[in-house]
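If you want the building blocks of each chain, they are given just below.
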Amino acid sequence: MTQAFRIENGGLINRDKKLSFKFNGKTYFGYEGDTLASALLANGVHLVGRSFKYHRPRGFFGAGVDEPYAVVQLYRNGETEPNIKATEQELFEGLEAKSVNCWPSVNFDIGAINNFLKIFLPAGFYYKTFMWPKSFWFRIYEPFIRKAAGLGVASTKHDKERYEHKYEYCDLLIAGSGPSGLAGAYAAAKNGAKVILAEDKPRFGGSLLTSDVNIGNQSGKDWAEGIIAELKTMPNVVVKNRSQIFGYYDHNMLVMSEKVSDHLPSTKKYHPNKRLWYIRAKEVLISSGSIERPIVFGNNDTPGVMLSSAAKEYLKVYGVLVGRKPLVFTNNDSGYETAIEFKKNGVDPVVLDSRKNAESEIIDEAKNLGINIKNSYVVVAAQGYKKVKSADIASISEDKKQLGKIENIQCDCICVSGFWTPTIHLASQSGNKTKFKEEIDAFVPGQSKQNEITLGAANGVFSLEETLKTSFTAGSELSKKLTKKDNEIAIPNVVEKKSSQHDKFWCVPLPKGKNYKRFLDFQNDVAVSDVEIALREGYRSIEHVKRYTTLGMATDQGKTSNLNGLQLVSEIENKVVPAVGHTTFRPPYTPVSIGAIVGREVGKHSKPTRKSPMHSWHEKNNAVFVDAGVWLRPRYYKRGNENLFEASKREAKNVRTNVGVCDVTTLGKIDIKGPDAAVLLNRVYTNAWLKLPVGKARYGVMLREDGIVMDDGTTTRISENHYHMTTTTAQAANVLSHLEYYLQLVWPELNVNVVSTTEQWAGAAIAGPKSRHLLQKLFPNSDVSNEGLPFMGYMEGDLFGVKARIFRISFSGELAYEVNVESDYGSFMWEKIMEVGGEFNIQPYGTEALSTLRIEMGHVAGSELDGRTIPFDNALEGLVSKKKDFIGKRSLQRSAFTAEDRQRIVGVVPLDKQTSIPEGSHLVKDDKAPLPNPKLGHISASCWSVEYDNPFSLAILKDGKNMIGQKLFAMSPLKNKVIPVEIVSSHYVDPKGERVRS
Amino acid sequence: MLYINCPHCGMRSQNEFSYGGDASVKRPELNKEVSDQEWDNFVYNRKSLRGKHLELWQHISGCRQWIKVERDTATHEIFRTFKADEEVA
Ligand SMILES: [Zn+2]
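Protein sequences appear in the order of chains A and B.
Position 851 of the first sequence, counted from 1, bears residue number 1076 in my numbering, the numbering being contiguous throughout.
Position 2 of the second sequence, counted from 1, bears residue number 3 in my numbering, the numbering being contiguous throughout.
Hints listed in this document are in silico derivations from the structure and should not be mistaken for laboratory results.
Incorrect hints may have been included.
Unchecked claim - What follows is a list of derived Cβ distance ranges for each label pair:
id	chain 1	residue 1	chain 2	residue 2	range
1	B	14	A	898	46 to 56 Å
2	A	946	B	84	24 to 34 Å
3	B	43	A	1190	34 to 44 Å
4	B	75	A	1154	48 to 58 Å
5	A	490	B	14	47 to 57 Å
6	A	712	B	14	45 to 55 Å
7	B	38	A	855	39 to 49 Å
8	B	84	A	765	46 to 56 Å
Stated by the list, open to error - Simulated coverage check for chain B against chain A, where a stretch passes if three residues somewhere in it have a Cβ under 8 Å from a Cβ of chain A:
id	region
9	14-21
10	26-36
11	48-62
12	76-85
Remember, it's a predicted structure, so these values are computed and weren't measured experimentally.
All C-beta atoms, glycine included, are put in the ideal place defined by N, C-alpha and C.
Bound conformation, chain A alone (with noise of 0.2 Å):
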């Protein structure tokens, strides 16, 4: 199959690799170096898609990043992508693409008896039509959208490539490789800077691509080849093509995604899809370029209307024409330049200027060739549905209020230009406050907010001389500050044609009698029309008009349509466009992959995972895991068909009749250390620890100066200035955090030192009626007898020699022991006591047994002390010192928290023995009570008493402390239950606490 619309020769694309690629299912060819756009447009393909609103037709409007239309489906290696520019994605052997946002073909569109119909859809239609009835929403709206719209579907597939993060430090970070980033980049680079300079497009050289300049005697292109060249070779410089700097975040430090692997047919191995680079720059050079606009006509939302910059890179870079019968509408001399390189591959264009005369190098040039040049003339609007075939031309009046004669000519494709928009979005990012520049009715970055400037055409200077000077001025200037070296650089001599200057035009107004749309957003589909209309209902400010119309609100952030919404509502409203100001500017600059976002953090990779040295034998014998903050744990250990519930109730009945051993690794621990350790417990926990003699451990409460309970845990005084602290497994890193700001902060005169020791030491608790046995055979040679070892008692042993630390605590109410050794002997002491055990019918419990052990024993954990209650309410104010002053105690006199009828923990059974109450319940009077139904208090934890075997719950109950008696109900809307309940003691298993000192 030819290429119809490639030229024999020239472009910088390789003839000799020939590349076959799927558009909408039908096979077409390009070259390597192609861009899915210039390939299907040298095979004269110029649908791609339908607009989002109207479901116009659609063509190419630009060539790169500023793409309005040309938005596809794109198919590769398996996978899929939405919303891919064509006019970015680099052609390869076997790309598929596919139109969206046009349902059932592209050719043919339902969505598009909208346009026909003229059921348009105004500014304001989301605002409006859809407010009412909200019953609409879910049946007719939204799935009417979703089908008709959309910019393309994403996988649902696990995506199989990879994703790369990586950090980068530079003295000079320079976006942008044109004429202005090679030359800041050189000389930078020449006093031995660190420079990263990086170019969005796959090929360096930015504008000097397609210019007719000439620079220290080379063609532009061949002298931005050459400095490219000899960067790569400095290993002080990294370059990069196809990386978008696409946010500018605060203190210099700015977001790159690097393309790796999407212009290949699949990704390298070892290789990631995208990079993304985290660059923390000293300095940034934004050299951004400027980026054409349109000017505004009837149906200039036509396939075959496109930037003249756009065709003239098409035929420069990639040999394509765009029409060989094309008309060059201007308002300066780059539709000349345009025309100028049609002419020379032997396409006679017209060229229509707004201007009444302009005289320039450029235009003479034109003239020269025999271009048909013809001033005051403007496109009145486009003809032709899916692409152009003519346009209707008139002459217009020097004030452009007056057309003259509508003309009719033949054409095939219409290049625009409305004159430079500089690319101002990276300054705004980084905070600079823009000023609008009248000579080239933008705005450019002021006043520098961090470490940057911006130079060239994205500062609004477009002669390429002082572009050069003042850049390769700045790269040397910003790189002595940092390296004290000042390399000369020799300026080259630069040969350009002169402009002149611009016209002020940019809206052809509407002929008599004809309503055509005048697209500004091309792919919101905003006309002038829903502008007039949002300024008509009332909205003034910028950001008002751009939400209610969604002007500039598309994929493409409005790079093409923006100013033209600002000249617009200046115009209606009669002030200048810097009074109007533009909406802001926010990251990212372009779509960023959220793969790339991501990055490694996917799957196990997306937190950490924290495993206890005994995992592998849980893992081996059944264990089923739970997340417990980044720990995993075993949840219980499945023996045969059993499930959770079974399985737990095993395991905790065993502990009540036998011994369980469960690893508490997780478990926070820190080490505390000096002569005034004491003294810190003293003021962190709320009872008293100045008189805890060694050996001993106490069950302590520590507060916020809120009064809130922050966390529980025992502390264990190990020698005379060393203690043992433990932490829920929840709170252990704010515990420290909590212990260290005290110390650093607040006191510290106090000589003490915290340290978490949390992972150098493995724990297991042993626990039940029998682990005294199993105690005295670990430890032959201990007394761990209640006199040697009494409640809350603390010694060394040693475990077949291995140095162990034995605490005689309990959290399941139970005679209960807690062995730690150094975390590298875990697993041997896990297996001994195991091996031990046998004979006393040992089992390991997960931590559902564990909280059912727990919540029987009416003991909080965190579901009770959740961030919400005082001691009191957890039946915990005996731990609360009335004589000593500690952290948070002032609060506790608040009113609140010394009601009478104050929240309190209790125990809550159902009526019927039989229902478990779901956790989360509320406990209300009344189950009949019309909503909303006061409620009294919440159900914080439940679980199947293995003592009673019946359900059972904990609660925290407004004026619980007066409620133990009462009938209640515990409703649950979630789970839709109703359930009568009597509210019992917290301590629904052994009230005295006998066992734990038996």
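Position chain B with the ligand against the provided structure of chain A, taking the given hints into account.
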């Protein structure tokens, strides 16, 4: 992302730190009578300044030291950083 100069470790990214609030708040002394108003001011009442603010950060993924950072809450500019025991002039 902020770039914070830890007085112990040097320039580090914000994600190594955790925020600790207003550094000018002084905890009332232990065992001292404190009025409700005084205590409320200590526990709850913060100025939430726009502009220069002296605040606490802890270098949790570094030296674990609490430090003082003088930062503009509107612009994020960081003027100076101090060790916990350094007097802020
Ligand atoms: Zn540090």
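Now the hints, each set against the structure:
1. B/14 x A/898: 46 to 56 Å: Given a distance of about 32 Å, which is not inside 46 to 56 Å, the answer is violated.
2. A/946 x B/84: 24 to 34 Å: Since the Cβ atoms of residue 946 of chain A and residue 84 of chain B sit about 26 Å apart, the hinted range of 24 to 34 Å holds.
3. B/43 x A/1190: 34 to 44 Å: holds (42 Å)
4. B/75 x A/1154: 48 to 58 Å: holds (50 Å)
5. A/490 x B/14: 47 to 57 Å: Violated: the Cβ-Cβ distance is about 37 Å, outside 47 to 57 Å.
6. A/712 x B/14: 45 to 55 Å: violated (32 Å)
7. B/38 x A/855: 39 to 49 Å: holds (42 Å)
8. B/84 x A/765: 46 to 56 Å: The hint (46 to 56 Å, Cβ to Cβ) holds, given that residue 84 of chain B and residue 765 of chain A are roughly 51 Å apart.
9. 14-21: This one holds; 3 residues, not fewer than the three required, reach chain A with a Cβ under 8 Å.
10. 26-36: With 5 residues closer than 8 Å to chain A, the region 26-36 of chain B meets the three-residue bar; holds.
11. 48-62: Holds, because 3 residues of the region 48-62 of chain B bring their Cβ atoms closer than 8 Å to Cβ atoms of chain A.
12. 76-85: holds (count 4)
The structure does not agree with the numbered hints 1, 5 and 6 stated previously, though it agrees with the rest.
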